[in-house]
Amino acid sequence: MSVLEVQLIAAAQPVERVDFEALVQTHQDRVYDFCVRMLGDREEALEVVQEIFVSVHQSLHTFRHDSKVSTWIYRISKNHCLNRLKYLERRGRGRSDGLDDVPEEALGSAAGAPIRPDDALQAEHERLMVQRAIARLEPDARALVALRDIEGLSYEEMVEITQLPLGTVKSRLHRAREKLAEFLVEEVPEGERV
Amino acid sequence: MEPSKSTHQEVRSMFPALVDDELPMDMVANLRAHLDNCAECRNGWVRYERAVSLVRKVPKEKAPAALTGAILRRIRRQKSRALRRDATLAMAYRVPYGMVLPILLAAAVGALIFFLLKS
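One line per chain: the protein sequences are A and B, in this order. Position one of the first sequence corresponds to residue 1 (the working numbering), numbered consecutively onward. Position one of the second sequence corresponds to residue 1 (the working numbering), numbered consecutively onward.
To be clear, the hints were calculated from the coordinates, so they are not data collected in a lab. Positions of the beta carbon are idealized from the N, C-alpha and C atoms, including for glycine.
Below are the DMTMM-like pairs computed for lysine to aspartate or glutamate, each with C-alpha atoms no more than 25 Å apart in a straight line:
hint	chain 1	residue 1	chain 2	residue 2
1	B	K79	A	E21
2	B	K62	A	D119
3	B	K57	A	E151
4	A	K179	B	E22
5	A	K179	B	E10
6	B	K62	A	E43
7	A	K170	B	D21
8	B	K60	A	E126
9	A	K170	A	E157
10	B	K57	A	E156
11	A	K86	A	E138
12	B	K57	A	E126
13	A	K179	B	E49
14	B	K60	A	E182
15	B	K57	A	E138
16	B	K60	A	D140
17	A	K68	A	E156
18	B	K62	A	E126
19	B	K60	B	E49
20	A	K68	A	E51
21	A	K86	A	E160
22	B	K62	A	E151
23	A	K68	A	E151
24	B	K60	A	D119
25	A	K170	B	E49
26	A	K68	A	D19
27	A	K86	A	E151
28	A	K68	A	D29
29	A	K179	A	E89
30	B	K57	A	E124
31	A	K170	A	E182
32	A	K86	A	D140
33	A	K170	B	D26
Per the computed footprint, the stretches of chain A lying under chain B, defined by three or more beta-carbons under 8 Å from a beta-carbon of chain B, are:
hint	region
34	23-32
35	122-128
36	164-177
Just a few of them, taken from the derived set where beta-carbon distance is under 7 Å, the chain B residues facing chain A:
hint	residue
37	R47
38	Y48
39	A51
40	V55
With these hints in hand, go ahead and build the complete structure from the sequences.
The following block contains the structure:
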């Protein structure tokens with residue numbers, strides 16, 4: 001249990017006693033990453049992350065201590081992202097090309113050692129390919145893939161976030177991955193396919 | 001003998017557990033044996049595993065450093081907006097100043113009549 005979770009439980013509701021800045025700093029990277037996967041656009045993700053934390057702040061008093069804070073925040077994030085996707089669809093607004101920019105992280109290796117230009121190019125190519133394939137999934141399926149395979153959550157956490165039975169989560173995730181596999185095959189030129 | 005259609009479906013339904021290393025050893029051995037002899041399922045598995053591993057390999061997006069400040073500013077703005085809204089509501093429901101004296105006078109007269117009648 002994190003210090004913040006202990007703090008939330010000890011605070012037992014009064015929002016003023018929770019170090020909200022620390023809570024934001026602890027969770028913002030994961031929430032932002034999840035939003036980028038869901039929305040496929042960094043600018044949109046930035047806007048939605050702010051709205052998510054405003055909602056978190058307003059609903060802190062409703063947080064039930066039977067789940068992890070991170071799970072609760074992911075549930076709010078998922079709902080915000082699905083709403084934003086519906087809104088963007090109604091407005092007929094496509095995604096911007098925000099994800100086509102090469103992020104600095106992709107050009108630096110995780111271990112800190114310099115990365116070879118060929119490897120960086122290959123990693124960037126794969127990242128764009130995966131992002132395009134994820135964007136073709138239905139929003140609910142996209143959320144499952146993002147939660148499990150990108151954010152690395154357990155099935156139990158996914159059940160809490162989606163409020164779906166375990167069997168449904170597993171079967172929908174399986175179908176989403178199969179679709180993703182199809183889309184990824186389509187990304188590969190015909191002569192190079194498996 | 002050619003594996004039945006249901007066997008193919010069963011094998012495919014085990015891909016999630018296989019990719020997550022959640023299958024018991026004996027089932028893994030059976031599944032691998034099937035994959036060795038069935039090109040259709042093998043191709044399905046190769047694509048499935050590749051898709052999952054590509055997604056898992058994607059580098060994480062890091063939030064910009066200014067995001068925390070932007071979030072906290074937005075929360076402060078929301079708070080002050082809510083305070084202003086509450087103040088406006090309180091003003092709207094407040095008894096108009098000009099009505100205070102007549103109300104007080106009416107209350108005093110009412111009290112006087114009450115005491116006179118009682119005595």
